[in-house]
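Keeping the supplied structure of chain A fixed, place chain B upon it in accordance with the hints.
One line per chain: the protein sequences are A and B, in this order.
Using my numbering, the first residue of the first sequence is number 1, and each one after it goes up by one.
Using my numbering, the first residue of the second sequence is number 1, and each one after it goes up by one.
Among the hints, a few may not be true.
EDC-like cross-link-like pairs, simulated, lysine to aspartate or glutamate; straight-line CA separation at most 16 Å [stated by the list, open to error]:
1. K71(B) with E26(B)
2. K14(A) with E79(A)
3. K68(B) with D53(B)
4. K42(B) with D107(A)
5. K42(B) with D38(A)
6. K42(B) with D84(B)
Everything labelled a hint here was simulated from the structure, so no lab data went into it.
No experiment lies behind these values; they were computed from the predicted model shown.
Now for the letters of each chain:
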Amino acid sequence: NAGVTQTPKFQVLKTGQSMTLQCAQDMNHNSMYWYRQDPGMGLRLIYYSASEGTTDKGEVPNGYNVSRLNKREFSLRLESAAPSQTSVYFCASSDFGGSNQPQHFGDGTRLSIL
Amino acid sequence: QQQVKQSPQSLIVQKGGISIINCAYENTAFDYFPWYQQFPGKGPALLIAIRPDVSEKKEGRFTISFNKSAKQFSLHIMDSQPGDSATYFCAASYTGRRALTFGSGTRLQVQP
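Bound-form chain A, shown alone (with noise of 0.2 Å):
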């Protein structure tokens, strides 16, 4: 079982560039975060997608769009990179959706924008 699976893995980018990070989950999961993590600052929650079909923002949403493409994938979108959004992006999973359910993580893209 692959759990949650992000691609790529490393990418540099230079600033104005676009790219989509991908993400697929195996788990039948409803429900699909993106966090991005920054030194000293913990997980915070770009885009999340609480069923097929829905997507809402998070805390830090400017600067990216999202795609929840059907169950298993949910892609995050950078326009026009700018060198703010150097960061490592987690993409996440949970069933249902409820707050008490665990969320699993894939092991994140990291990602520099020049």
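Frame of chain A, contents of chain B only:
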């Protein structure tokens, strides 16, 4: 009101010692408090979680202590081992909210 404050930022403990990490919150609506463990190059993984109707929860060497009146909770790692060296995040959420609010993390190093 969504913030969760975590301390210390880093912690060095000798093998066999007790590691203690503290978190405090403001939002009294929070009713779920998990701890996540993260090893380098990996995503966080759920370690242990507690609800505010109990003051303590223990799983093996890991214990969460919860003080509702002080709005604080802590993680205790008994008999700390070098394999426990990782970054630990506290988090909080409430019924109906879809995502977690994380603390800033504590990097634990257990020296042999």
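Evaluation of the provided hints:
Restraint check for K71(B) and E26(B): the C-alpha separation of about 7 Å stays at or below 16 Å, so the hint holds. For the proposed pair K14(A) and E79(A), the alpha carbon gap of about 12 Å is at most 16 Å, so the pair holds. For the given pair, K68(B) sits about 9 Å from D53(B) by alpha-carbon distance, which is consistent with the 16 Å threshold. Using a Cα cut-off of 16 Å, the hinted pair K42(B) and D107(A) holds, with the two alpha carbons roughly 4 Å apart.
Pair hint K42(B) plus D38(A) holds up; C-alpha atoms about 14 Å apart against a cutoff of 16 Å. With a C-alpha separation of about 14 Å, the suggested pair K42(B) and D84(B) falls inside the 16 Å cut-off, and the hint holds.
Hint violations for this structure: none, all hints satisfied.
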